[in-house]
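Asks: Note that the protein sequences, when read in sequence, are chains A and B. Residue numbering for the first sequence follows full-length UniProt numbering, beginning at 1 and increasing consecutively. Residue numbering for the second sequence follows full-length UniProt numbering, beginning at 1 and increasing consecutively.
The hints are simulated quantities; they were obtained by calculation from the structure and are not laboratory data. All values derive from a computational prediction rather than experimental measurement. Hints are supplied without guarantee of correctness; some may be wrong.
Said to hold, decoys possible - Within a straight-line C-alpha distance of at most 16 Å, the following computed EDC-like cross-link-like pairs (lysine to aspartate or glutamate) qualify:
| # | chain 1 | residue 1 | chain 2 | residue 2 |
| --- | --- | --- | --- | --- |
| 1 | B | K567 | A | D119 |
| 2 | B | K276 | B | D250 |
| 3 | B | K473 | B | E338 |
| 4 | B | K567 | B | D546 |
| 5 | B | K256 | A | E125 |
| 6 | B | K473 | B | E564 |
| 7 | B | K475 | B | D250 |
| 8 | B | K550 | A | D99 |
| 9 | B | K355 | B | E257 |
| 10 | B | K97 | B | E86 |
| 11 | A | K127 | B | E257 |
| 12 | A | K167 | A | E125 |
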Amino acid sequence: MPKNTIKNTILELKQVTKIYEGKVIHRALNRLDFEAEEGEFIAIMGPSGSGKTTFLNIISTIDMPTYGQVVIDGIEPESLNGNELALFRRRNFGFVFQDINLLHMLTVEENIVLPLTLDGLPVSEMKRRVARLSDQLTLNEILNRRPDELSGGQAQRTAVGRALIHKPKLILADEPTGNLDSKSAKEVLELLGHINQTERATIIMVTHDPIAASYCDRVLFIKDGEFFNEIYKDERRQTFFQRILNVLSLLGGNVNDLRTM
Amino acid sequence: MTFRQFAYRNVVRNRRIYAAFFMASVFSVMVFFLYSMLLFHPSIEGGALRDIALLGMGVAELILYIFTTFFLFYSMRAFLQARTKEFGILLHLGMEKRQLHRLIFIETILIGAGSIGVGTFLGYMFSKFFFMVVKRIVLLPALPLYFSWEPFALTVGAFLSLFIIISLVAPVFIRTDGLDELIRGEGSGQKTEGFSKIRGILGLILLGLSYTLASLTSNNIVIGLIFLLPPLATLGTYFFFTDSLPFLLDLFKGRKELYWRHFRLLAISEGVIRLKENARMFFIVTIVSTIAFMSVGILASLTSFASQYREVNPLGLVYVSYPGDIMEERNINRLRDELRRNGLEYTYVEFPVLKQLSSFTEFTVSIVKLSTINQLSVAFGNEALQLKEGEALFLPPTSSTFEQLNSQNVETVLEESGVSVRVNGAFPYQLFPAHAIGTNAIILNDADFEQIASFVKSPSFVYHAFDIPDWQKTKNIGLTIENSMAKSILEGTTHELNYSFDNPGRNYSIIRTTFTLLLFIGLLLAGVFLLAAGSFIYFRLYTSLDSDRKQFDVLRRMGITDREFKKIVNRQLIPQFFVPWGVALLHSSFAFLTLQVIWDALAEISIVRELVFVLSGFTILQVIYFYLIRWRYLAHIRTSG
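Take these sequences, add in the hints, and give me the full structure.
Replies: What follows is the structure, encoded as structure tokens:
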């Protein structure tokens with residue numbers, strides 16, 4: 001059950017199908033329907049090759065579906081040209097990647113403000129936002145460090161900061177804990193949960209990790225590009241985690257499939 | 001798959017990476033081969049001009065060889081760095097270090113042999129064309145295409161040994177310790193800010209000082225400066241790239257209102273990294289470009305000297321006969337005869353020149369007759385002038401002295417003969433080479449002149465002037481006279497020589513061809529430099545292509561439009577291409593300011609036009625090269641994976 005009773009759909013996929021033509025024709029997604037409400041924290045799970053990445057790429061408008069319709073905040077990305085699309089991504093999305101992908105020549109602070117500089121916001125406004133975020137993300141101490149001087153958790157928190165700074169409608173996270181140790185992973189997941197609570201930010205997270213998924217409100221399972229199951233969280237994270245594991249085992253014994261590629 | 005096949009496939013399948021390296025090597029080999037073809041040409045022997053040509057080619061070969069050595073070393077290192085990951089995997093799979101070295105050796109020899117083969121082949125193909133160009137410039141008899149083992153042996157020997165040495169030494173550059181580090185490759189170990197504020201400021205001061213000195217230079221100190229400025233500016237340039245620029249950029253980064261604007265954040269931070277990695281390369285490129293600009297500029301200015309030669313030497317032939325010249329009549333008749341036989345029109349005027357002491361200046365003054373001057377002047381297309389008895393005109397020794405002499409009005413007595421004249425104004429046309437008649441010369445009315453002539457009996461010297469409209473065609477006139485002059489110079493009997501002969505047309509053709517030849521050699525060398533400098537940058541880009549690609553992917557997801565991306569790439573590439581270039585331009589401009597002082601003192605000519613021409617030519621080439629490389633770079637970076 002969605003937390004807010006007033007339905008406010010931010011993302012809608014209808015019968016989305018993606019076919020890769022090549023030497024071998026590959027159907028990555030098949031007639032997939034999906035909706036996300038504003039303020040939801042959703043995990044997408046599935047075994048390797050199930051189409052999770054394609055799914056995320058289509059939502060993030062990097063890739064277009066072969067058939068079907070995508071509507072993001074009332075706009076169909078397919079109707080936009082390349083330029084408009086780039087600007088659309090820039091304004092509406094925040095990305096968190098598995099391999100973090102901070103720009104190595106920028107400091108933590110500069111990495112965070114990067115999306116704002118592209119849109120030419122006044123510097124005073126940038127400074128104000130960084131100050132607020134760095135409190136929330138506990139990055140105050142390390143604002144002037146370079147990415148190669150950070151621990152994994154610090155780096156990913158910086159990346160979360162970069163994804164949040166321009167107040168996007170949708171945060172798309174691709175295995176955000178995939179390269180982190182369990183302590184840093186917990187840190188980042190709690191942070192995402194906290195942001196989801198306080199900022200009412202909508203987060204869609206692709207993950208292999210049932211622990212990571214158990215932080216979400218809802219988990220969507222896909223298999224071979226098709227809808228497989230969907231479960232909502234309950235009172236206790238422990239039982240939710242158990243239920244996720246159960247679905248995963250139904251998915252085809254790929255519970256231990258924690259590989260990332 | 002044998003080991004050798006593996007090495008071969010490595011090269012062939014990596015051809016994109018090797019392309020720029022290969023191209024630059026081929027070009028060096030080709031130019032080297034062309035020079036050697038000329039050096040060993042069987043029909044070139046003897047003659048001062050040919051000596052100069054051969055010397056020029058020889059020096060060019062040497063420079064080219066030294067430069068190619070540096071270039072190959074540097075690019076080889078960049079290459080191996082780019083492939084550290086690959087080597088890491090190979091070592092991880094259990095390849096011995098010895099085998100790895102052999103792999104690199106075989107690869108390098110493959111590329112070397114390939115570029116030597118292609119280079120000499122292209123060189124041989126182009127040599128006929130090259131000979132034609134040289135023939136036109138040097139005015140040698142037609143050079144036939146020949147086949148001889150020497151140029152091939154020299155080129156192949158020189159470059160093969162070079163490639164062998166490099167392939168043996170290059171593996172030393174690979175760090176074979178720390179396997180995991182190798183596999184992770186470049187990019188993980190970026191050093192943080194490492195510049196010294198003091199050296200940064202010192203660099204700026206050194207450059208500022210050099211520029212100030214260069215622009216304030218005057219005749220008296222110029223020689224000292226020529227020795228002082230180059231090391232000063234070189235050191236300044238080095239610090240400028242290693243410390244001053246990072247220092248300035250760091251100051252800029254401190255000002256967030258300026259730094260956090262649009263693409264500046266990305267472009268400048270990236271620029272700082274690139275600068276740090278490549279400071280030494282930028283330094284080398286700057287110095288090499290400066291030298292290239294300078295040499296071509298100097299040569300071009302020499303050519304400009306040649307083109308202003310006519311103004312300085314308005315006469316076609318000059319024969320000056322001093323008292324006691326028994327050959328006078330024979331030589332003059334011979335010259336007239338040769339001119340006629342060559343079908344050259346001419347006006348011949350004979351100037352007896354008298355000398356008298358002027359009471360006004362207490363100096364000797366040379367005197368020529370108005371009617372002879374008018375005769376020559378009319379041949380030049382000027383109007384004849386009139387002088388009354390007792391009137392005289394200054395004959396300015398150079399065109400620049402006309403203004404000053406023209407405003408003078410002097411009464412003087414020519415003391416030996418007692419003739420008094422009033423010298424009012426100067427003769428307005430430049431008929432003679434500078435100082436031909438003497439630094440202090442006047443023109444007298446015929447009657448006055450005859451009066452002095454009858455008094456002094458014989459003239460001090462007789463100036464035989466030939467005005468020849470087709471003055472550039474006289475290079476075969478008066479050879480016998482020149483030979484006997486050359487002979488007496490060799491025998492040390494010049495004091496017995498009672499005449500002098502000057503053939504500006506012939507001199508001009510020698511000067512002109514020498515300079516154009518040197519210019520041609522210089523341009524070819526500069527071409528090699530240009531190509532190499534660009535390749536350096538290309539290699540550098542290539543080494544960081546992987547991480548750049550990844551960055552591009554992040555930015556694309558974050559929503560950077562194609563145009564914005566191009567802008568960012570521009571802002572990263574343009575400084576790499578044009579900052580060394582700009583500094584080199586600035587360096588050479590100031591250097592030419594100094595040189596202009598020397599030129600002014602020497603020949604009163606301006607080299608500005610030639611310089612603008614040369615420098616803008618180079619800039620256009622560089623812009624083209626920039627677009628070429630940017631196109632390749634963008635193509636590489638967009639093909640992800």
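Asks: Please go over all the hints and tell whether each is borne out by the structure.
Replies: These are the hints, each one checked on the structure:
{"no.": "1", "hint": "B:K567 to A:D119", "result": "holds, 14 Å"}
{"no.": "2", "hint": "B:K276 to B:D250", "result": "holds, 12 Å"}
{"no.": "3", "hint": "B:K473 to B:E338", "result": "holds, 12 Å"}
{"no.": "4", "hint": "B:K567 to B:D546", "result": "violated, 20 Å"}
{"no.": "5", "hint": "B:K256 to A:E125", "result": "holds, 12 Å"}
{"no.": "6", "hint": "B:K473 to B:E564", "result": "violated, 62 Å"}
{"no.": "7", "hint": "B:K475 to B:D250", "result": "violated, 64 Å"}
{"no.": "8", "hint": "B:K550 to A:D99", "result": "holds, 10 Å"}
{"no.": "9", "hint": "B:K355 to B:E257", "result": "violated, 80 Å"}
{"no.": "10", "hint": "B:K97 to B:E86", "result": "holds, 13 Å"}
{"no.": "11", "hint": "A:K127 to B:E257", "result": "holds, 10 Å"}
{"no.": "12", "hint": "A:K167 to A:E125", "result": "holds, 13 Å"}
In terms of the numbered hints stated before, the structure departs from hints 4, 6, 7 and 9, listed from lowest to highest.
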